[in-house]
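First to last, the protein sequences are chains H and Z.
Each residue of the first sequence is one higher than the one before, starting from 288 at the first, in this note's numbering.
Each residue of the second sequence is one higher than the one before, starting from 10 at the first, in this note's numbering.
Each hint can be trusted.
When the alpha-carbon atoms are kept at most 25 angstroms apart in a straight line, the in silico SDA-like pairs for lysine to any residue are as follows:
hint	chain 1	residue 1	chain 2	residue 2
1	Z	K222	H	G307
2	Z	K50	Z	K138
3	Z	K255	H	T389
Chain H is faced by these chain Z residues, among others (derived, beta-carbon under 8 angstroms):
hint	residue
4	T210
5	D212
6	T244
7	D246
8	Q248
9	Q251
10	Q275
11	Q278
12	L283
13	G284
14	I285
Hints are computed from structural coordinates only; laboratory data are not their basis.
Note that beta-carbon positions come from the ideal geometry of N, C-alpha and C, so glycine has one too.
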Amino acid sequence: MKDYGASATPAETVQVATSGDVVTARQMVRTLAQRGGLGLVHQTKLVTAASELGRNMLVYGGGGVVRAAALSDAGRSGIYVEFRDEGPGIPDVELALTDGWTSGNGMGLGLSGARRLVDEFDIASGPEGTTVRIVKWAR
Amino acid sequence: MKCGNGGTSTPALKVRAGRQIEILGEDDVAIESSTRLLAEKLTAERETFLSQWVRTIGEDLQGRLSMAELGRELGELYEAILQALGTGGLDGRGERYGEVRSLLIELSRNRARQGFTPTETARSVFALKEVLEPSLTGDQEGARAYLQFARLLDDLGLLTTEAYVRTREEIISSQAEQLLELSTPVVKLWDGVVGVPLVGTLDSARTQVVMEKLLQTLVDSDSTQAIIDITGVPTVDTQVAQHLLKTVVAARMMGAQCTISGIRPQIAQTIVALGIEFGDIPTNASLADALRQAVAEVAKESENDARGLL
Numbered sequence: 288m289k290d291y292g293a294s295a296t297p298a299e300t301v302q303v304a305t306s307g308d309v310v311t312a313r314q315m316v317r318t319l320a321q322r323g324g325l326g327l328v329h330q331t332k333l334v335t336a337a338s339e340l341g342r343n344m345l346v347y348g349g350g351g352v353v354r355a356a357a358l359s360d361a362g363r364s365g366i367y368v369e370f371r372d373e374g375p376g377i378p379d380v381e382l383a384l385t386d387g388w389t390s391g392n393g394m395g396l397g398l399s400g401a402r403r404l405v406d407e408f409d410i411a412s413g414p415e416g417t418t419v420r421i422v423k424w425a426r
Numbered sequence: 010m011k012c013g014n015g016g017t018s019t020p021a022l023k024v025r026a027g028r029q030i031e032i033l034g035e036d037d038v039a040i041e042s043s044t045r046l047l048a049e050k051l052t053a054e055r056e057t058f059l060s061q062w063v064r065t066i067g068e069d070l071q072g073r074l075s076m077a078e079l080g081r082e083l084g085e086l087y088e089a090i091l092q093a094l095g096t097g098g099l100d101g102r103g104e105r106y107g108e109v110r111s112l113l114i115e116l117s118r119n120r121a122r123q124g125f126t127p128t129e130t131a132r133s134v135f136a137l138k139e140v141l142e143p144s145l146t147g148d149q150e151g152a153r154a155y156l157q158f159a160r161l162l163d164d165l166g167l168l169t170t171e172a173y174v175r176t177r178e179e180i181i182s183s184q185a186e187q188l189l190e191l192s193t194p195v196v197k198l199w200d201g202v203v204g205v206p207l208v209g210t211l212d213s214a215r216t217q218v219v220m221e222k223l224l225q226t227l228v229d230s231d232s233t234q235a236i237i238d239i240t241g242v243p244t245v246d247t248q249v250a251q252h253l254l255k256t257v258v259a260a261r262m263m264g265a266q267c268t269i270s271g272i273r274p275q276i277a278q279t280i281v282a283l284g285i286e287f288g289d290i291p292t293n294a295s296l297a298d299a300l301r302q303a304v305a306e307v308a309k310e311s312e313n314d315a316r317g318l319l
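So that you can see chain H by itself, here it is in the shape it has in the complex:
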């Protein structure tokens, strides 16, 4: 995935430390998506993906930062969202992206489902933390 992080400015950020913060982050993404001209279905998909990834970050990464910004690239406009935590990392990213696989007690669809809900999805994980970046284009 192209590195949209730098071009996506000004970005809004939300610190996620409690499940209430996940709701705050979700609302921020929803507001941006509405302003960015995404349709209702796209908005809902993006917000749901943000909810999944935000909660994953909280539950498995011990919280982190959500950064979101409007984006325009090659005539398209969209929303970029980045989730960065400093947790222990995901040992096997491929496995974690498998439907139905969970290391906790969830449904095991959060990460894989979020990937299906957005247009671009990138995950980088190591012992120093995990960063997930997603983009949803307005069409």
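Following the hints, complete the assembly by docking chain Z onto the known chain H.
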């Protein structure tokens, strides 16, 4: 707030109880004399200072608090500060200021509940500086005492803000609890049919409340049909879905049929993309459809009853 003990400055020796020798820095000596000066000043001009203090704050609050009450509050506070000064020390977080702190916390709590701003609350303390300023800053020793007292008042002012915020947080969390109760009503829609209109975010705590209420209402109203309406739930992610599924399974275990209604087009598409399967749980786009089906089910059951089949 502890001042440094002088470091490289010449220490003054003080002999106490015969053998014990304490080394005090210049600062400590200065604090002691300042404290004494302050205590004397505050005792001598008690009436003037207190009435001026009450008047200053009274003007700020513009009659939103009765002068009599304000006078009583500040009078108590004044006495407590004076007493703490008399026993020595200017450390607002120290043991000697326990009484002052508890009075201030009480004051902040009242202000927070009555809707005053944090600034207005902290001003109650800071105003005492203005009152003391003209009579203390005349000479050098007085000015030093004033500065040290101002430092103490700054600390106490911060304390009121802390207490104010804490009270506000308590109010918010108790309201959140009340909201939790309010936002999850279980209503009887028809004979044998109960409904739960869910609004807002569905987390574990709310699911627990919904589940408990729904199961209890099913028993109390002798119902066999339950409808959970999620029209007011803006985001259905895997956590919400999991909570919904658990509630449905629990209702089924009690012999009730459970329908989820209010699935809007965008929610349906999102659920499919996420890969959540609702299995054989009946779902509907609108509450009206769900109710029609539930009523039909109830009617079928009673028909069977009438025929004497059951």
